[in-house]
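Asks: Go by the hints and put chain B onto chain A.
There are 2 protein chains.
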Amino acid sequence: MAVVSVKQALSGSIEAGSVVTVRGWVRTIRESKGGLSFVNVTDGSCFDPIQAVVTDKVTNDENEVKHLTTGAGLIVTGTLVPSQGKGQRFEIQADTVEVTGFVEDPLTYPIQPKPHTMEFLREVAHLRPRTNLFGAVTRVRHTMMTAIHRWLTEQGFFWINTPIITTSDAEGAGDMFRLSTLDLANLPRTPDGKIDFRKDFFGREAFLTVSGQLNVEAYCLAMSKVYTFGPTFRAENSNTARHLAEFWMVEPEIAFADLNDNADCAEGFLKAIFKAVLEERADDMAFFAERVAPDAITRLENFIAQPFERIDYTDAIEILKNCGQKFEFPVAWGIDLQTEHERYLAEKHVGRPVVVMNYPEQIKAFYMRLNDDGKTVAAMDVLAPGIGEIIGGAQREERLDYLDRRMVQFGLDPATYGWYRDLRRYGTVPHAGFGLGFERLLVYVCGLSNIRDAIPFPRAAGTAEF
Amino acid sequence: MAVVSVKQALSGSIEAGSVVTVRGWVRTIRESKGGLSFVNVTDGSCFDPIQAVVTDKVTNDENEVKHLTTGAGLIVTGTLVPSQGKGQRFEIQADTVEVTGFVEDPLTYPIQPKPHTMEFLREVAHLRPRTNLFGAVTRVRHTMMTAIHRWLTEQGFFWINTPIITTSDAEGAGDMFRLSTLDLANLPRTPDGKIDFRKDFFGREAFLTVSGQLNVEAYCLAMSKVYTFGPTFRAENSNTARHLAEFWMVEPEIAFADLNDNADCAEGFLKAIFKAVLEERADDMAFFAERVAPDAITRLENFIAQPFERIDYTDAIEILKNCGQKFEFPVAWGIDLQTEHERYLAEKHVGRPVVVMNYPEQIKAFYMRLNDDGKTVAAMDVLAPGIGEIIGGAQREERLDYLDRRMVQFGLDPATYGWYRDLRRYGTVPHAGFGLGFERLLVYVCGLSNIRDAIPFPRAAGTAEF
Numbered sequence: 001m002a003v004v005s006v007k008q009a010l011s012g013s014i015e016a017g018s019v020v021t022v023r024g025w026v027r028t029i030r031e032s033k034g035g036l037s038f039v040n041v042t043d044g045s046c047f048d049p050i051q052a053v054v055t056d057k058v059t060n061d062e063n064e065v066k067h068l069t070t071g072a073g074l075i076v077t078g079t080l081v082p083s084q085g086k087g088q089r090f091e092i093q094a095d096t097v098e099v100t101g102f103v104e105d106p107l108t109y110p111i112q113p114k115p116h117t118m119e120f121l122r123e124v125a126h127l128r129p130r131t132n133l134f135g136a137v138t139r140v141r142h143t144m145m146t147a148i149h150r151w152l153t154e155q156g157f158f159w160i161n162t163p164i165i166t167t168s169d170a171e172g173a174g175d176m177f178r179l180s181t182l183d184l185a186n187l188p189r190t191p192d193g194k195i196d197f198r199k200d201f202f203g204r205e206a207f208l209t210v211s212g213q214l215n216v217e218a219y220c221l222a223m224s225k226v227y228t229f230g231p232t233f234r235a236e237n238s239n240t241a242r243h244l245a246e247f248w249m250v251e252p253e254i255a256f257a258d259l260n261d262n263a264d265c266a267e268g269f270l271k272a273i274f275k276a277v278l279e280e281r282a283d284d285m286a287f288f289a290e291r292v293a294p295d296a297i298t299r300l301e302n303f304i305a306q307p308f309e310r311i312d313y314t315d316a317i318e319i320l321k322n323c324g325q326k327f328e329f330p331v332a333w334g335i336d337l338q339t340e341h342e343r344y345l346a347e348k349h350v351g352r353p354v355v356v357m358n359y360p361e362q363i364k365a366f367y368m369r370l371n372d373d374g375k376t377v378a379a380m381d382v383l384a385p386g387i388g389e390i391i392g393g394a395q396r397e398e399r400l401d402y403l404d405r406r407m408v409q410f411g412l413d414p415a416t417y418g419w420y421r422d423l424r425r426y427g428t429v430p431h432a433g434f435g436l437g438f439e440r441l442l443v444y445v446c447g448l449s450n451i452r453d454a455i456p457f458p459r460a461a462g463t464a465e466f
Numbered sequence: 001m002a003v004v005s006v007k008q009a010l011s012g013s014i015e016a017g018s019v020v021t022v023r024g025w026v027r028t029i030r031e032s033k034g035g036l037s038f039v040n041v042t043d044g045s046c047f048d049p050i051q052a053v054v055t056d057k058v059t060n061d062e063n064e065v066k067h068l069t070t071g072a073g074l075i076v077t078g079t080l081v082p083s084q085g086k087g088q089r090f091e092i093q094a095d096t097v098e099v100t101g102f103v104e105d106p107l108t109y110p111i112q113p114k115p116h117t118m119e120f121l122r123e124v125a126h127l128r129p130r131t132n133l134f135g136a137v138t139r140v141r142h143t144m145m146t147a148i149h150r151w152l153t154e155q156g157f158f159w160i161n162t163p164i165i166t167t168s169d170a171e172g173a174g175d176m177f178r179l180s181t182l183d184l185a186n187l188p189r190t191p192d193g194k195i196d197f198r199k200d201f202f203g204r205e206a207f208l209t210v211s212g213q214l215n216v217e218a219y220c221l222a223m224s225k226v227y228t229f230g231p232t233f234r235a236e237n238s239n240t241a242r243h244l245a246e247f248w249m250v251e252p253e254i255a256f257a258d259l260n261d262n263a264d265c266a267e268g269f270l271k272a273i274f275k276a277v278l279e280e281r282a283d284d285m286a287f288f289a290e291r292v293a294p295d296a297i298t299r300l301e302n303f304i305a306q307p308f309e310r311i312d313y314t315d316a317i318e319i320l321k322n323c324g325q326k327f328e329f330p331v332a333w334g335i336d337l338q339t340e341h342e343r344y345l346a347e348k349h350v351g352r353p354v355v356v357m358n359y360p361e362q363i364k365a366f367y368m369r370l371n372d373d374g375k376t377v378a379a380m381d382v383l384a385p386g387i388g389e390i391i392g393g394a395q396r397e398e399r400l401d402y403l404d405r406r407m408v409q410f411g412l413d414p415a416t417y418g419w420y421r422d423l424r425r426y427g428t429v430p431h432a433g434f435g436l437g438f439e440r441l442l443v444y445v446c447g448l449s450n451i452r453d454a455i456p457f458p459r460a461a462g463t464a465e466f
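Heads up: the sequence lines are chains A and B, in that order. Those letters in the first sequence? Residues 1 to 466, per UniProt numbering, in order. Those letters in the second sequence? Residues 1 to 466, per UniProt numbering, in order.
In isolation and in its complexed conformation, chain A is listed as follows:
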């Protein structure tokens, strides 16, 4: 008697006639007039449940099986046999059924075998992984995250865990969460009445990081190929379907790379993730295509099949100006592209992913490398049909004198960036990198409409989880 997962039992890798044990939860149950119970058992290992056929002779206490309802925990042992039913290759002729836990008050159990609204499921986030949809999201999330590590490792990258707690606002990107162990009801004060952060845990003000990029550059200039992949925080008060206060970001950084190398890496990276999803989660993706987004599979296939287009920002502006389409935000050289512009370029003009390169220097961050024209920096955004910007990146300014000038231009004090400037003083090399917000990509892959459905424990508007 072997304990197997539902995935293994359904895979065809176990010989028919074997006695197996599966363990999981009842998805649905129905009884035939002939005294048989058909129990669909899921354990999360794959999309499909396995059907256990239970006769009334199976357990000594027949009432136990009779009282099973959706969500009950159980252990089924029996013979694996080819299924008579449609859509399933194997089923189990049960010999024993052990119930580990019934469902208290089945009528009020939140996860009924019927459609629920996404809003409702966010309120029962601890139970929603038991639904078809969130089981699939969880498996696809895992496959995408591990594919990221696998591909980067194969390419020779090292994962660097840059600090979550930081004392600097790396990019000036949005509001930050302050971190403190001070007693707020009794804050220590300096003689002139200000809050005395020297008494705080780190002896100074501390925040949650908004990006590991500056830190990871230090490792890039020693290990050549590195990446961060971890939680990142933005205290933006934007309760939208597109923003999270806490999200995962992956940020590869490559030494001796220019903007084209960077775009090559971003393209290979995205394609590897999508390839892993299509190969490893075919069952879940079939569900998304059937129930959520009809083109869920084909758009990933198209994404992989063709090379990305590359367009200079200046050319992109000309294309947008002359395309005859009306935009809400007027188009002129110097603007930051809006989602409507990005989607026009990717969906209408090119019809596949496009990398827009070399943006006006005024609208991009201080650490991006000034091009020889003096007007643009070596920045890039990857735009994709159906989503718009999916990756942002740049070649970094590796020349100390240029970096200092851009810091001053952006109102930053070079003296406070001592260690970052050191990287340009000691063996500087060209380097480039990009960042990808993981949940936005997951939303795209699964066809979700709210980013809170792409994290395991969503927060309701204005409140922390639960």
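It cannot be assumed that every hint is accurate.
Put simply, identical chains are the same to the list, so a pair is met inside one copy or across any two.
[Stated by the list, open to error] Think about it this way: if two alpha-carbon atoms lie no more than 25 angstroms apart in a straight line, the pair counts; the simulated SDA-like pairs of lysine to any residue are:
id : residue 1 : residue 2
1  : LYS7      : ASP264
2  : LYS199    : ASN186
3  : LYS275    : THR69
4  : LYS275    : LEU121
5  : LYS194    : GLU205
6  : LYS199    : PRO458
7  : LYS86     : ASP413
8  : LYS33     : PRO330
9  : LYS321    : ILE363
10 : LYS199    : PRO294
11 : LYS114    : ARG421
12 : LYS194    : THR181
13 : LYS271    : GLY156
14 : LYS271    : GLU154
15 : LYS271    : ALA147
16 : LYS199    : ALA241
17 : LYS275    : ARG150
Derived from the structure by calculation, the hints contain no laboratory data.
Replies: Then chain B, alone, in the frame of chain A:
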């Protein structure tokens, strides 16, 4: 002309006589009387640098090569040839050398080719990955972290990103960092003068998580095998060589598992990590064995070679009482084992890793399963020679009535654990899991003596990084 990593160039996989380009930084340079320069180039891809032999005809501007010093960034193109020297299989006869960045003021460059103290290197954490030691630590860290994901994925586990920001103190484990976007200089107040956290970002008090375990249990009772792996925070004011405010923790959780299944998983898990290190980082481990801890390799080999011992806590207490060894902390049934006890058991009594199981219920957390004796819970610690406790885990209390009683016993209000209790109301199943602090394991593998050397950016005492 192919661009290759130093690892590839040294691996023997490239045919001798090929023209290759390597890119990296000067580790050392020396000149022969015959006008040759021998430049050791490292790019972080492996422990050893590759030697480039540079004649004075190589570049048009011979002064450029003559001015190279340790740490300079450069690109070398030339012919890969078998090396004449000892200890290296291949070297490059350089045709061109392009310097991308010299070292400003070489005499004050912090990373000289000589030994530095660990204290000094913590002050230049942005440059220390350029040393042999921290290059090796970085590569071993990567291998261990990716081995964790790989092994758990192979075993059918799903990675769950439990929230970093939380509104509950999961285990009451140590001080927590408060998170806020309130203006501390001007805190909002309720009518009765208290701080009005309804005005804070999440509408209530929020903290950084100390463990993802309770959250991940919800996913365990849907997906069967899950784990968290992410940063975890403890605001303990313990400036010791063993504690970090921010560290990475991995927490697998298994449905339908008891304490023995849990111990099996912990054993397979640790062995898989160590096997990956020995196989993938033989060069780095040889360095640790030569320079840091002579038994760095053999102790991992011993760890893998034998099955772990398992001892009941009650038996362990008898062993300690009767062993004739004097301990600082007296031994009696009911005590929490101290490091001296743990090390005696692992090092002297067993001589290999040992799992101590079934601890007194009073000294363990509320969520651990009460054994039938009514006195102990199904908790376990994995103790290893040379380090003591390395993993802590437990079978969880899956019976609602028992859980409620233990909550009350520990002074917790069951009403505030609504969603956690739900997991016991709806299809409860036996489940178990464990937690491992990643940096402690890395310290053990590399033979480091201070845990701040196991993170990429250490914090000096009482201050945030840099």
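Asks: Run every hint past the structure and note whether it holds.
Replies: Evaluated hints:
no.	hint	verdict
1	LYS7 to ASP264	between (36 angstroms within a copy, 22 angstroms between copies)
2	LYS199 to ASN186	both (12 angstroms within a copy, 18 angstroms between copies)
3	LYS275 to THR69	neither (38 angstroms within a copy, 45 angstroms between copies)
4	LYS275 to LEU121	neither (29 angstroms within a copy, 42 angstroms between copies)
5	LYS194 to GLU205	both (13 angstroms within a copy, 23 angstroms between copies)
6	LYS199 to PRO458	between (34 angstroms within a copy, 20 angstroms between copies)
7	LYS86 to ASP413	neither (69 angstroms within a copy, 49 angstroms between copies)
8	LYS33 to PRO330	neither (68 angstroms within a copy, 68 angstroms between copies)
9	LYS321 to ILE363	within (19 angstroms within a copy, 71 angstroms between copies)
10	LYS199 to PRO294	neither (57 angstroms within a copy, 42 angstroms between copies)
11	LYS114 to ARG421	between (59 angstroms within a copy, 24 angstroms between copies)
12	LYS194 to THR181	both (17 angstroms within a copy, 18 angstroms between copies)
13	LYS271 to GLY156	both (17 angstroms within a copy, 24 angstroms between copies)
14	LYS271 to GLU154	both (14 angstroms within a copy, 22 angstroms between copies)
15	LYS271 to ALA147	both (10 angstroms within a copy, 23 angstroms between copies)
16	LYS199 to ALA241	between (39 angstroms within a copy, 22 angstroms between copies)
17	LYS275 to ARG150	both (12 angstroms within a copy, 18 angstroms between copies)
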